[in-house]
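Residues per chain, in single letters:
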Amino acid sequence: MLRKTRIILAAVFYVLITLLFLDFTGTLHAWLGWTAKIQFLPALLALNVLVVAALVVLTLVFGRIYCSIICPLGVMQDIIAWLGRRGHRNRYGFSPERKWLRYALLALMVVTLVAGLVPLAALIAPYSSYGRIAANLMQPVYIGVNNLLAMAAEHVGSYAFYERDVWVRSWATFGVAAVSFVIISVMAWRGGRTYCNTVCPVGTLLGILSRFSWLKIRLDTDKCTGCRLCERNCKSACIDIKNRKVDYSRCVVCGDCLDKCRFGGLTYTSRRPAKTADAPSRKVGRAEVDTSKRAFLLGAVTAAATAAIAEDKVKFDGGLAKIEDKVSPERQTRLTPPGSMSARHMAQHCTACQLCVAECPNDVLRPSTSPGTFMQPVMSYERGYCRPECTRCSEVCPTGAIKPITRAEKSAIHTGHAVWIRKNCVPVTDGQPCGNCARHCPTGAITMVPLYPEAQKDGGKDEEKSRLMIPVVNEEMCIGCGACENLCPSRPFPAIYVEGHEVHRKG
Amino acid sequence: MTNIKKHISRRGFLKLMGGTAAAATVSLTGCKDKDLSTEDDYRNQVEPPKGKMTFRTDPKTGQKVSILAYGMMRLPSEERGSARENTSSPIDQEQVNRLVDYAIEHGVNYFDTSPMYCQGMSERATGIALSRHPRSSYLIATKMSNFAAENQTREKSIEMFENSLKELQTDYIDYYLLHMIGGSGMEEFRRRFIYNGILDWLLEQREKGRIRHLGFSYHGDVSVYDYLLANNDKYRWDFAMIELNYLDWKHAKDINDQNTNAEYLYNELDKRQIPVMVMEPLLGGRLSNVPEPIAVEIKRRAPEKTVASWAFRYAASKPRVLTVLSGMTYMEHLKDNLLTYSPLVPLNEEEENFLEQVAKKILTFMLIPCNDCKYCMPCPYGVDIPGVLLHYNLVKSEERLPEDRRHPDYARYRREFIIGQNRAVDEERQANHCIGCGQCVPHCPQRIDIPARLHEIDNFVERLKQEL
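Top line first, the protein sequences correspond to chains B and G. Mapped onto this note's numbering, the consecutive letters of the first sequence carry residue numbers 1 to 507. Mapped onto this note's numbering, the consecutive letters of the second sequence carry residue numbers 1 to 468.
Check the hints yourself; a few may be wrong.
[Stated by the list, open to error] Label-pair restraints from in silico Cβ distances:
id : chain 1 : residue 1 : chain 2 : residue 2 : range
1  : G       : K166      : B       : E476      : 55 to 63 angstroms
2  : G       : N267      : B       : D325      : 47 to 55 angstroms
3  : B       : E154      : G       : Q119      : 54 to 62 angstroms
[Unchecked claim] Calculated cross-link-like contacts (lysine-lysine; reagent style DSBU-like; alpha-carbon spacing at most 30 angstroms):
id : chain 1 : residue 1 : chain 2 : residue 2
4  : G       : K374      : B       : K322
5  : B       : K326      : G       : K465
6  : B       : K506      : G       : K234
7  : G       : K234      : G       : K60
8  : B       : K37       : G       : K465
9  : B       : K245      : B       : K99
10 : B       : K465      : G       : K374
[Stated by the list, open to error] Chain G is nowhere near these chain B residues, computed Cβ spacing over 12 angstroms in every case:
id : residue
11 : G33
12 : I80
13 : L108
14 : L117
15 : M151
16 : C224
17 : G319
18 : I323
19 : T369
20 : V426
21 : R439
22 : T447
23 : A483
24 : L487
Quick caveat, the hints were computed from the structure, so don't treat them as lab data. Ideal placement from N, C-alpha and C gives every residue a C-beta, glycine not left out.
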């Protein structure tokens, strides 16, 4: 009964939270956002007292069912372990608790959180690990299937599906996701919940509470024949039949043992407290960090690029001019999404779960590659810009790193300001009138002024010259959305780009 | 024999006569005693009969109203053309009298004017022409045209009403309208009619019988229209005047973003059983002067009928319509309209579908005339110019442009437009990447102002994206 209930609930939770990460259309998060917001570490970072208290009470009453039902990484391991067990009966056994490792990692986690080094803690945090796996490994597959359907839909003139680009937003984060997936999978395949009971700091913390939980798996020493069937089927390796003990700090209340015991020796009840045993297990690998960046070379490269474009102008044979991919300028201050309040707030609250990155419909958000904010989201505008009607990242963020904002609020949050680079600007390089930045600025912060004021003064005799205008930015009105940078015709380096603000101003 | 003749065109009949003169003589002699002679045939083609006018009944007073109403906005001037176009020339009163007499003789009894028509001269001319007939033989419609800010005081507005009575030489107005509500939105309406208490004053005049029917004419901002109808219990509108024709019925939006489809306007009135007065049955002449291929197609169906007659039949075929206004400057227009309505032959379903097809064809003439020759390409900044224009044209010609947020399919059209555009044109090559340099313009054989069109489409798409 316990086992069945657990499996059903876990399946439902797992499917829902996974869908939350997979969906890119923005339709599901309104319904499923809560599945991320009830995760322990995000709730803690968001100072969501209600959720944290509820999870504490839940654990004090039922034991670590959080790990069996709510935590997607735990359920993922259960699935992998189940696959690994097939054809291998009774493959587990008791192992002593690796206290040292567990509590050291928990202490490390607490220290890093307090010190504000959240990205470090995020590496082993269960929810964000799962988020990275879902966003980096599963979502591309999901979008791939969607794109096949979109092709089919286009073929029959349907609009049910639309194509979405698949691209790796950061190879470093992708690597972390892939490596953690492999390590956790191998551990789960071979040893069940080894990760949860040796590495996972949330597991350790809840384990402290679950020792005192009201309901527990109780071993009836009178009925127990010592057959060890339960022990050999315990994926948490926490039943010590030799000493007739259960390690409640590691038991995730999966209920597998209850069904295995043929003598009714195990019950999930509130009676009789029992002592605990201890033991840790395997080492956990760490992903290597790739902090390579694209170089931002102004000047020579730009000149070459505009020359290449100029060649295309000559022929009028139809066809399309080549478009070079845009290159992101190296921003002196990184851009964090509106709602994140400041670079520091973001760094201290974000667990790098990638939910916002997976949701961002404009391909603006991507994981950071710099060490201090590793894997946390930053904005860049080569593929799109932070559109005025979109507040999706602020809606999904479970940790409060990006606080919920409305469209109206967004339009008044200054996340950065635009900077004009004269030598890239089309009126200067090509002698063509442009103004695309000013035309698309949602706050009207850009005004076009004459490039050659002298030419206008003498009555606009030199028509070519006097019609050329260049943008000037009113930094007070600029909100840093990047419409100008994204729609600037200068390629690969834009003639106007956005510098981030360390602290977002309002109004 | 007579039946056959009725069904052959004039030209065909002449040919037949030339070919077989003897036979024709025999047949004509044979026809002499019948109700139709050759002379009749000639005359009937252009001369409207008397006593055949179709009338509708005003539900309030039971009065008979001719389905054709005379609009006094385009009165003939002494020089040439209507006094509206030729503003320097005074109204040709003699001609007005002639037209009015002829109209009344043929059953027209509704005359619509306003203090501002023909530079303020229309009411007087109308009054002069009509006062030569017994007051009971015609119905007068005029309007509160207090558009100018200095006319919006209570005193000035009342003065305007009183002056109308004087000019029209009468002591009551049969149909009095709040002129062009919605023109500049709700606040303007309040300034014109609410803050100065004029609407209440007009309601009083209705009680006193100085206004027999109170209504309004509507253009522009539909919120004012909706507001007036929502408060119908309070105001009890006796009628309302709207633009109605086979283009505006379903396609007003295609002509101008700010417009509202006549279908919606009409149905709102129909729901409340408010009689409908129709203006712009020809959409400012655009439904009489249609593109040549369309004119041919319409003529083909009924060679003897004018292109305009279809539009008049269309408007009058709506059962809630009390009368259809036509500003007739020339006798030919008057005669043709009288012919159409003496009596009205309502459109059948098939004919109505035909006009809907015509409307769609007229609209295709309003598409961006890009024929994908690609002379404009390659755009040095990578825009797929024909790709963007043709996708827009395609959706527009399919009548699936998401323009009206109240449209039940708005959300679907919006999604389809955005997805469809991304399928048709790479995102990096869409209209928002047009920098407006204009290098393409001299290459376009259709003389399309490409940057202007692209920026319009860009604005349209931007609005779509922001309206979630």
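Going through the hints against the structure:
1. G:K166 x B:E476: 55 to 63 angstroms: With Cβ atoms ~60 angstroms apart, the hint holds.
2. G:N267 x B:D325: 47 to 55 angstroms: 52 angstroms, holds
3. B:E154 x G:Q119: 54 to 62 angstroms: 58 angstroms, holds
4. G:K374 x B:K322: Given pair K374 (chain G), K322 (chain B) holds - Cα atoms ~16 angstroms apart, limit 30 angstroms.
5. B:K326 x G:K465: Holds, at about 23 angstroms.
6. B:K506 x G:K234: Roughly 47 angstroms separates the two Cα atoms, so the pair is violated.
7. G:K234 x G:K60: 16 angstroms, holds
8. B:K37 x G:K465: Since the Cα atoms of K37 (chain B) and K465 (chain G) sit roughly 29 angstroms apart, the hinted pair holds (cutoff 30 angstroms).
9. B:K245 x B:K99: 17 angstroms, holds
10. B:K465 x G:K374: 29 angstroms, holds
11. G33: About 17 angstroms separates G33 (chain B) from the closest Cβ of chain G, which puts it past 12 angstroms; holds.
12. I80: The assertion about I80 (chain B) holds, with a minimum of 37 angstroms to chain G.
13. L108: It holds; L108 (chain B) is separated from chain G by about 44 angstroms at its closest Cβ, greater than 12 angstroms.
14. L117: 38 angstroms, holds
15. M151: Since the minimum Cβ distance to chain G is about 10 angstroms, M151 (chain B) lies within 12 angstroms and the statement is violated.
16. C224: C224 (chain B) clear of chain G: closest Cβ-Cβ about 62 angstroms, beyond 12 angstroms.
17. G319: The claim breaks: G319 (chain B) does not keep its Cβ more than 12 angstroms from every Cβ of chain G (closest is about 5 angstroms).
18. I323: 4 angstroms, violated
19. T369: The assertion about T369 (chain B) holds, with a minimum of 25 angstroms to chain G.
20. V426: 6 angstroms, violated
21. R439: It is violated; R439 (chain B) is separated from chain G by about 7 angstroms at its closest Cβ, not greater than 12 angstroms.
22. T447: At about 16 angstroms from chain G, T447 (chain B) clears the 12 angstroms cut-off, so the statement holds.
23. A483: Contrary to the label, A483 (chain B) does not stay out of reach of chain G, its closest Cβ about 9 angstroms off (not over 12 angstroms).
24. L487: 6 angstroms, violated
The earlier numbered hints that this structure contradicts are 6, 15, 17, 18, 20, 21, 23 and 24.
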